[in-house]
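Please construct the entire structure, taking both the sequences and the accompanying hints into account.
There are 2 protein chains.
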Amino acid sequence: MDTYPITIGNLTRRVPLHEPFPGVRLPLIDFLGDVGLAKALAEALVKHVPAETDVLVTAETSSIPLVHEMAALLGKPYVVVRKRRRPYMHDPLIQEVESLTLGANEVLWLDRRYVERLLNQKATLVIDVVASGGTMHALERLVHRAGAEVVARLAAFRQGTPKVEVVALEELPVL
Amino acid sequence: MDTYPITIGNLTRRVPLHEPFPGVRLPLIDFLGDVGLAKALAEALVKHVPAETDVLVTAETSSIPLVHEMAALLGKPYVVVRKRRRPYMHDPLIQEVESLTLGANEVLWLDRRYVERLLNQKATLVIDVVASGGTMHALERLVHRAGAEVVARLAAFRQGTPKVEVVALEELPVL
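Top to bottom, those sequences are chains Z and U.
1 is the number of the first residue of the first sequence in full-length UniProt numbering; add one for each residue after it.
1 is the number of the first residue of the second sequence in full-length UniProt numbering; add one for each residue after it.
Hints listed in this document are in silico derivations from the structure and should not be mistaken for laboratory results.
C-beta atoms are modelled at their ideal positions from N, C-alpha and C, and glycine is treated no differently.
Be aware that a few hints might be false.
[Stated by the list, open to error] These stretches of chain U come out as covered by chain Z in the derived footprint (C-beta under 8 Å, 3 or more residues):
no., region
1, 8–22
2, 30–36
3, 53–64
4, 76–82
[Said to hold, decoys possible] Here are a few chain Z residues that face chain U, going by a calculated C-beta distance under 10 Å:
no., residue
5, V55
6, I64
7, P87
8, R113
The structure is reproduced here in structure tokens:
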């Protein structure tokens with residue numbers, strides 16, 4: 001299987017290539033299970049978190065270890081927006097995602113407990129890979145609606161040209 | 001809102017109560033975003049991981065920070081079984097979950113890359129909260145089918161009487 005090398009700090013990983021359409025190959029970023037890579041990315045990304053940030057916000061699933069490590073380094077809490085309604089959710093805030101890469105529209109769900117925690121907070125949004133920017137855009141809308149202010153939008157990797165401005169560590173090519 | 005106190009090591013949290021049916025109240029464990037609690041639970045749980053373990057295995061989503069911290073402490077990798085098919089998955093292994101608590105059957109998905117990583121490995125299964133044991137049971141079936149041996153089943157919290165034997169740190173009451 002062909003692979004693509006990514007280097008973060010002094011750590012290199014060869015990631016597999018995913019072929020969503022014939023002739024289009026994309027490096028497949030999925031570092032769930034790779035503690036070393038999550039820590040290296042977190043160390044690099046926290047340098048871009050504004051000091052005024054009260055809380056980090058992400059969407060499940062693959063970004064969770066990254067944001068968890070960033071929160072640990074910064075000593076700040078984080079909020080994980082869900083992509084499925086959970087049985088215990090009470091009066092959740094919901095937000096539709098328009099996403100080209102997923103083919104179908106997704107919905108973000110945030111339990112009211114977390115909505116209340118975001119009120120009047122300064123939030124930095126973090127996603128592992130930003131492509132169309134649809135998830136980042138929906139996350140920003142949801143966080144605004146919860147009464148928080150977005151002070152930064154960060155991604156570990158950028159693939160293509162997202163429709164929102166995002167600070168990313170690395171560019172991923174289309175091969 | 002009524003809360004229930006949980007204590008892990010020298011850390012106490014008051015968690016909200018969830019009322020799935022009138023008159024039945026359950027402590028709601030959801031420590032996504034709480035770095036301190038994930039670390040405290042991981043420190044307590046790694047003592048129950050057999051030394052022969054090659055890999056930790058969990059199912060998304062809420063258990064991820066816990067297993068990530070355990071993997072970091074142990075210097076071992078982990079695998080996250082998904083509950084939704086992802087677009088990049090190639091020839092995934094799938095396994096149905098029979099779960100009373102969720103009301104509907106769920107399906108576990110594991111991309112072939114990770115199936116291959118589990119072959120001939122000794123796996124410790126970890127879940128944040130075990131209730132009916134349905135997810136744990138399905139996880140074990142899936143890991144077996146991938147060619148791995150399950151050497152332990154661990155949970156941070158046990159609620160009720162699961163149909164599989166699980167080592168848990170704490171019992172959660174039905175109030």
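Hint by hint, here is what the structure shows:
1. 8–22: Held - the region 8–22 of chain U has 3 residues with a Cβ nearer than 8 Å to chain Z, which meets the minimum of three.
2. 30–36: The restraint on the region 30–36 of chain U holds, since 5 of its residues have a Cβ under 8 Å from chain Z and three suffice.
3. 53–64: holds (count 3)
4. 76–82: holds (count 5)
5. V55: holds, 8 Å
6. I64: holds, 5 Å
7. P87: holds, 7 Å
8. R113: holds, 7 Å
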